[in-house]
Amino acid sequence: MIKRIGIMGAGAIGCVVGGMLAKAGRDVTFIDQWPDHVEAMKKVGLRLSGTCGEHLVPVKALHIHELQSVTEPFDAVFLSVKSYDTQWATALALNYLTPEGIVVDFQNGLNDERVAAVAGKQRTLGCVITIGAGMYEPGHAIRTDTGAIGFKIGEHDGRVTDRARELAELMNAVAPTQVTTNLFGERWSKLAINCMANPLAGLTGLGSAEVRIDPKVSAVGIHLGAEVIMVGRAVGHEAEPIYGIEAQRFVDAYQGRGLRELLAEVADIARKRGGGRPSLLQDVIRGRRTEIEFLNGAVCEHGKQVGIKTPYNDAVVTIVRGLGVGFKADPKHLAPVIAMLPA
583 MIKRIGIMGA GAIGCVVGGM LAKAGRDVTF IDQWPDHVEA MKKVGLRLSG
633 TCGEHLVPVK ALHIHELQSV TEPFDAVFLS VKSYDTQWAT ALALNYLTPE
683 GIVVDFQNGL NDERVAAVAG KQRTLGCVIT IGAGMYEPGH AIRTDTGAIG
733 FKIGEHDGRV TDRARELAEL MNAVAPTQVT TNLFGERWSK LAINCMANPL
783 AGLTGLGSAE VRIDPKVSAV GIHLGAEVIM VGRAVGHEAE PIYGIEAQRF
833 VDAYQGRGLR ELLAEVADIA RKRGGGRPSL LQDVIRGRRT EIEFLNGAVC
883 EHGKQVGIKT PYNDAVVTIV RGLGVGFKAD PKHLAPVIAM LPA
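Take any residue in the sequence shown, count from 1 to its spot, add 582: that is its number in this note's numbering.
Treat the hints with care, since some could be wrong.
As the list claims (entries may be wrong) - In the DSS-like style, the derived pairs of lysine-lysine whose C-alpha atoms are separated by at most 30 angstroms in a straight line are: (1) Lys-854 - Lys-703; (2) Lys-891 - Lys-854; (3) Lys-642 - Lys-605; (4) Lys-585 - Lys-642.
Claimed, not checked - Just the calculated beta-carbon pair ranges, DEER-fashion: (5) Val-626 - His-738: 49 to 55 angstroms; (6) Gly-740 - Ala-673: 36 to 42 angstroms; (7) Glu-847 - Ile-867: 39 to 45 angstroms; (8) Ala-846 - Val-742: 48 to 54 angstroms; (9) Val-742 - Glu-695: 18 to 24 angstroms.
Just so you know, the hints here were simulated from the structure itself, not pulled from any lab data. Think of the CB as a built atom: it goes at the ideal place given N, C-alpha and C, for glycine as much as any other residue.
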């Protein structure tokens, strides 16, 4: 049974998840690298707001160097660190797990197999996140979405297991959760969403709703997403619907069929759902390293391996790499990719 939970990486998603679980009476410990954030949680508690409601939750928070003080192991560690920190964070988590304990991948990108390479598939579960969250000050996380489904839990081999069902039931305290038999199809669907929104927001400064409403920016997003779908298919994974829209429609639009109608539908969904700042924009605002290599960059690399061209993702990755760490968002950064769109 999952009784003691460690949140490895108490960013926006980690705090919304862990905070709502703690509020529901679960034994949760937050471990993070941001000193001011950990101190705020220790002294004041964790403040949650947005579409999860307004709460101030007393929590257990540790600086990462304080993890060595934990003497009772966790039954599950939720891995919510940035993709570039996956391997070391997984290795660290293993030292604080019970023999039957599991590492749950709560990350963006395609990290399930990287987690399993360190922990072993028998000790890993995947969680595809469909909620949105932001953190703009220490000790305060904001849920920004209004989605009906919050999380999808899956085993690597698609089995519906007792531990997957238990985790899904536990996660219902945060948002409605389902067990999926198509973890990697869900991952590629979420990767498409991330690749459509994150770099466009990070480059332009627009929020997650705005990048889907502005027609030129959204058109770039649809082309990015279509390349994700095509590469995913080539490596053997069929993406689940994106924003509730069948994946094939994005490919059709990429190939010149139905783009205008798809743009209108995506914009309508964005207006209804709203949203905050995607994680890559939050990183840009803070002057932090982005996850571009593990989002659009991963699509480019997989595309090369299977012979699928990804010109839009290539262009976006090249621009973000060229700007380096600490650049300022500006709509002009996206102009060269907009110029690639068909007339």
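If you check each hint against the structure, which ones fail?
-> 1, 2, 5, 6, 7 and 8
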